[in-house]
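> Here is how the chains run, residue by residue.
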Amino acid sequence: MTGVTIVLMSSIPRDQWYVAAYGREIGQELFGRTVCGEPILFWRTRAGTVTAVSDRCVHRRFPLSEAPSRLVDDQVLCGYHGFTYGADGGCVAVPGQARVPRTARLRSYRVVERDSFVWVWIGDPDAADASRVPRAPWLDAPGWTTVSGMEPLRARFGLLVDNLLDLSHETYLHGGYIGTPEVAATPITTEVDEEAGVVYVSRRMDDAECPPFYAKSTGLSGRIMRWQDIEYTPPCLYKLHSRIAPPGVRPGADGSDPDAFHVEVVYAITPETEHTTHDFWAVARDFALGDQGVSDFLAEQNRTVVLQDVAALDVLERVIAAEPAGCQELSINIDTGGLAARRLLARLTGQGSGASRRRA
Amino acid sequence: MTGGLTGRGVLRVVWLPGSDLLRGTCHCGAAHVAEGPVEVWEWLLAHPTGHGAGR
Numbered sequence: 001m002t003g004v005t006i007v008l009m010s011s012i013p014r015d016q017w018y019v020a021a022y023g024r025e026i027g028q029e030l031f032g033r034t035v036c037g038e039p040i041l042f043w044r045t046r047a048g049t050v051t052a053v054s055d056r057c058v059h060r061r062f063p064l065s066e067a068p069s070r071l072v073d074d075q076v077l078c079g080y081h082g083f084t085y086g087a088d089g090g091c092v093a094v095p096g097q098a099r100v101p102r103t104a105r106l107r108s109y110r111v112v113e114r115d116s117f118v119w120v121w122i123g124d125p126d127a128a129d130a131s132r133v134p135r136a137p138w139l140d141a142p143g144w145t146t147v148s149g150m151e152p153l154r155a156r157f158g159l160l161v162d163n164l165l166d167l168s169h170e171t172y173l174h175g176g177y178i179g180t181p182e183v184a185a186t187p188i189t190t191e192v193d194e195e196a197g198v199v200y201v202s203r204r205m206d207d208a209e210c211p212p213f214y215a216k217s218t219g220l221s222g223r224i225m226r227w228q229d230i231e232y233t234p235p236c237l238y239k240l241h242s243r244i245a246p247p248g249v250r251p252g253a254d255g256s257d258p259d260a261f262h263v264e265v266v267y268a269i270t271p272e273t274e275h276t277t278h279d280f281w282a283v284a285r286d287f288a289l290g291d292q293g294v295s296d297f298l299a300e301q302n303r304t305v306v307l308q309d310v311a312a313l314d315v316l317e318r319v320i321a322a323e324p325a326g327c328q329e330l331s332i333n334i335d336t337g338g339l340a341a342r343r344l345l346a347r348l349t350g351q352g353s354g355a356s357r358r359r360a
Numbered sequence: 001m002t003g004g005l006t007g008r009g010v011l012r013v014v015w016l017p018g019s020d021l022l023r024g025t026c027h028c029g030a031a032h033v034a035e036g037p038v039e040v041w042e043w044l045l046a047h048p049t050g051h052g053a054g055r
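Chains as they are written, first to last, in this note's numbering: chain A, 1 to 360; chain B, 1 to 55.
It is possible that some hints are incorrect.
Computed, partial: chain A to chain B, Cβ under 7 Å [as the list claims (entries may be wrong)]:
#	residue
1	Gln28
2	Pro187
3	Ile188
4	Thr189
5	Thr190
6	Glu191
7	Val192
8	Asp193
9	Glu195
10	Ala196
11	Tyr200
12	Gln328
13	Glu329
14	Ser331
15	Asp335
16	Leu339
Simulated from the structure, these hints should not be mistaken for laboratory data.
Here a beta-carbon is modelled for each residue, glycine too, at the ideal position from N, C-alpha and C.
Please work from the sequences and hints to get the whole structure.
Right under this line is the structure:
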């Protein structure tokens with residue numbers, strides 16, 4: 001019999017940093033989350049550092065994040081047969097015998113806690129370089145107030161990348177929140193830094209309607225200047241530098257910009273599996289600092305916008321997953337940044353140009 | 001608020017005002033005007049093939 005081996009290529013880049021959680025989610029209790037198909041157990045040690053190990057007991061694969069598994073001091077005790085592990089993943093005790101098998105060790109993950117996020121390295125641990133964790137300093141910096149959340153997306157992460165790299169969809173999907181006619185109507189400039197692996201998409205609207213998201217938070221109304229500058233560092237971190245100002249008000253030659261309102265909209269796009277995604281979102285502002293009413297408003301508005309995307313992308317995932325391979329799609333000018341992002345992602349996975357939609 | 005990218009290896013695509021055309025500029029300075037993003041990226045990434053006199 002002649003066998004045929006079919007190799008399904010993953011669309012998820014490995015040897016990359018991914019956001020696994022907000023730091024506030026990880027306390028001195030067990031916390032499980034799947035990242036890039038790998039179930040990971042997190043907890044914060046008594047010393048305050050976040051530790052990450054495989055969320056499967058080496059014995060019979062019981063999830064260590066599930067009760068009755070529990071944390072005892074800085075050791076996790078499997079709730080099924082009592083295998084006990086230290087924070088480094090090493091097994092320190094097994095039931096009924098003194099000898100602990102040498103192979104009894106949970107896979108340990110490199111972790112970096114930075115800018116309010118817990119980043120985890122997925123891939124070869126020896127290749128992890130903490131200095132390459134992309135930054136979003138506004139999220140916990142003085143002079144900024146941030147609201148944030150995370151929504152589960154039942155769609156492949158590439159669909160969220162497509163969505164966020166082309167903000168013309170705001171006009172249609174997010175009307176009444178952040179969408180106005182000018183977003184879809186304004187030409188963009190797209191840049192790619194081949195060496196740094198960054199996509200930058202700039203849309204400068206110098207005479208635009210002020211959407212409710214910004215009108216109620218800044219107090220501006222009527223016509224405004226609205227600049228959107230996207231900076232995407234594949235695969236995980238997306239930043240939208242948003243500048244809102246009265247008409248004609250531009251930054252000074254020295255870079256100062258005291259009469260404008262700045263909002264940094266940050267997304268961490270973390271694959272959970274090939275077909276599901278953790279959609280982390282955060283909105284940081286440099287005005288109305290500490291104003292709880294503004295925070296509540298922006299949190300509610302942005303979560304609503306994210307859920308509008310989630311609803312649309314969940315539908316799209318079901319459609320795409322049911323289509324035969326090779327279905328054609330059409331790209332126009334608004335997709336210039338999205339195509340650049342796809343190509344960089346394809347480069348990270350070693351899968352050619354990425355210009356067309358790929359099957360997971 | 002930061003500006004655009006400033007690295008040595010930056011590829012840039014500008015949607016020409018008042019038109020539906022895209023002008024791609026390579027990091028080497030060569031430029032090409034295209035009618036869509038697929039064409040402009042193919043030209044930019046073919047470096048140095050096709051580069052030279054822009055239009």
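> Next step is simple, just say for each hint if it's right about the structure.
Verification of the hints:
no. : hint   : result
1   : Gln28  : violated (38 Å)
2   : Pro187 : holds (3 Å)
3   : Ile188 : holds (6 Å)
4   : Thr189 : holds (5 Å)
5   : Thr190 : holds (4 Å)
6   : Glu191 : holds (5 Å)
7   : Val192 : holds (5 Å)
8   : Asp193 : holds (4 Å)
9   : Glu195 : holds (4 Å)
10  : Ala196 : holds (6 Å)
11  : Tyr200 : holds (5 Å)
12  : Gln328 : violated (12 Å)
13  : Glu329 : violated (11 Å)
14  : Ser331 : holds (5 Å)
15  : Asp335 : holds (5 Å)
16  : Leu339 : holds (5 Å)
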